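Student: These are the residues of each chain, in order.
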Amino acid sequence: MNPTNYLYVSALLFTIGAIGVVMRRNAIVVFMCIELMLNAANLSFVTFARINGNLDGQVVAFFTMVVAACEVVVGLAIIVTIYRSRRSASVDDASLLKR
Amino acid sequence: MPESILFWIMAPLAVLAALGMLLVKKAVHSALLLAWVMITLAFFYIAQGALFLGIVQVVVYTGAVMMLFLFILMLVGVDASDSLTETIRGLRPIAITAALGFGGLMVSLIGRASLGREPIGLETANAAGNVQGLAQLLFSTYVWPFEVVSALLITAALGAMVLAHHQREVARPTQRELSEQRFRSGSLATAAGLPGPGVFARHNAVDVPALLPDGSPAPASISETLRTRGDMIDSSQFQLDQINTEVVEEK
Chain A
1 MNPTNYLYVS ALLFTIGAIG VVMRRNAIVV FMCIELMLNA ANLSFVTFAR INGNLDGQVV
61 AFFTMVVAAC EVVVGLAIIV TIYRSRRSAS VDDASLLKR
Chain B
1 MPESILFWIM APLAVLAALG MLLVKKAVHS ALLLAWVMIT LAFFYIAQGA LFLGIVQVVV
61 YTGAVMMLFL FILMLVGVDA SDSLTETIRG LRPIAITAAL GFGGLMVSLI GRASLGREPI
121 GLETANAAGN VQGLAQLLFS TYVWPFEVVS ALLITAALGA MVLAHHQREV ARPTQRELSE
181 QRFRSGSLAT AAGLPGPGVF ARHNAVDVPA LLPDGSPAPA SISETLRTRG DMIDSSQFQL
241 DQINTEVVEE K
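Sequence order for the protein chains is A and B.
For the record, in the first sequence the residue sitting at position 99 is 99 according to the numbering used here, with numbers rising by one throughout.
For the record, in the second sequence the residue sitting at position 46 is 46 according to the numbering used here, with numbers rising by one throughout.
Just so you know, the hints here were simulated from the structure itself, not pulled from any lab data.
Keep in mind the model is a prediction, meaning the values are calculated, not measured.
Watch out, some of these pointers could steer you wrong.
Said to hold, decoys possible - SDA-like, lysine to any residue: derived pairs with alpha carbons at most 20 angstroms apart:
1. B:Lys-26 <-> A:Ala-41
2. B:Lys-25 <-> A:Val-91
3. B:Lys-25 <-> A:Met-23
4. B:Lys-25 <-> B:Ala-64
5. B:Lys-25 <-> A:Thr-81
6. B:Lys-25 <-> B:Ile-96
7. B:Lys-26 <-> A:Val-21
Next comes chain A alone, as it looks inside the complex (with noise of 0.2 angstroms):
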């Protein structure tokens, strides 16, 4: 089978992330929008992994899966340290500086 086809799965997907990320006003749900994003991201790195022979993009897919852990990590404890001053995980919620 072609690879290229992985690589049209994973701009959709990229495309679907970046739609939720925009639209949903749930903190955690844009969080998860963005690890759907990032996930895409490591698909094409694997299929150019084999698209060109050599296992480069596959260990830089492994990178990403680190620095996504920790982005995890970092955002959900902002999360919670915004929920428990404002008791609410809106996005819409957290504007102190516009006011």
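Starting from the known structure of chain A, fit chain B onto it as the hints suggest.
Tutor: Leaving out everything else, chain B in the frame of chain A:
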């Protein structure tokens, strides 16, 4: 051929689950759909010769990261469902148009781009085994990024601890202070403590309120959490006068 069967079954399911993630109301359902997308991606990785990454995807993403997400959802409140109404006017059409534009651009780009050669495949690169090949790269070419990423992990763990650490603004009241507060708060009705659940009833489960001397249930004997959740059981069915008190003489 087996790979294309796998792809054409799993890829539509992955895209559907991702779309569902956008459309479902509850954050928990989004999390479960995302877990499914990640499992599908693990299948794709393994099908493409990335055995190690496929396993890591299952362990790290569906195992650790999604567990963390669900854990935070439980902390923040599972019922906190997201309202899907748009708060910024005109955001939805703009977002969908931009996304369609971006997606169309990507897809047409992939469709038109060409390397001018057939894809090579990982047979030679994976000749000594996928894990061995990755380890070879990781500890030679990429050893410096590897070290930096480990420093990043430690920093993230520390950062999460600092962010989640909660300092008490006022000291915790001592037992003596609590006792004095109870006796000096005006009413002495609860000075001896609140009644326990199930007192004077035939049932002492935590969700059955105690009975007052006149037979009416005492809601104060039930934990506040159970009361607000509405998990209080009607205690009238356990009242003493419902018992058959007839003494049957044994011969």
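Student: All hints are to be evaluated individually against the structure, with a verdict given for each.
Tutor: So, going through the hints one by one against the coordinates:
{"no.": "1", "hint": "B:Lys-26 <-> A:Ala-41", "in the structure": "violated, 26 angstroms"}
{"no.": "2", "hint": "B:Lys-25 <-> A:Val-91", "in the structure": "holds, 16 angstroms"}
{"no.": "3", "hint": "B:Lys-25 <-> A:Met-23", "in the structure": "holds, 12 angstroms"}
{"no.": "4", "hint": "B:Lys-25 <-> B:Ala-64", "in the structure": "violated, 24 angstroms"}
{"no.": "5", "hint": "B:Lys-25 <-> A:Thr-81", "in the structure": "violated, 23 angstroms"}
{"no.": "6", "hint": "B:Lys-25 <-> B:Ile-96", "in the structure": "holds, 18 angstroms"}
{"no.": "7", "hint": "B:Lys-26 <-> A:Val-21", "in the structure": "holds, 16 angstroms"}
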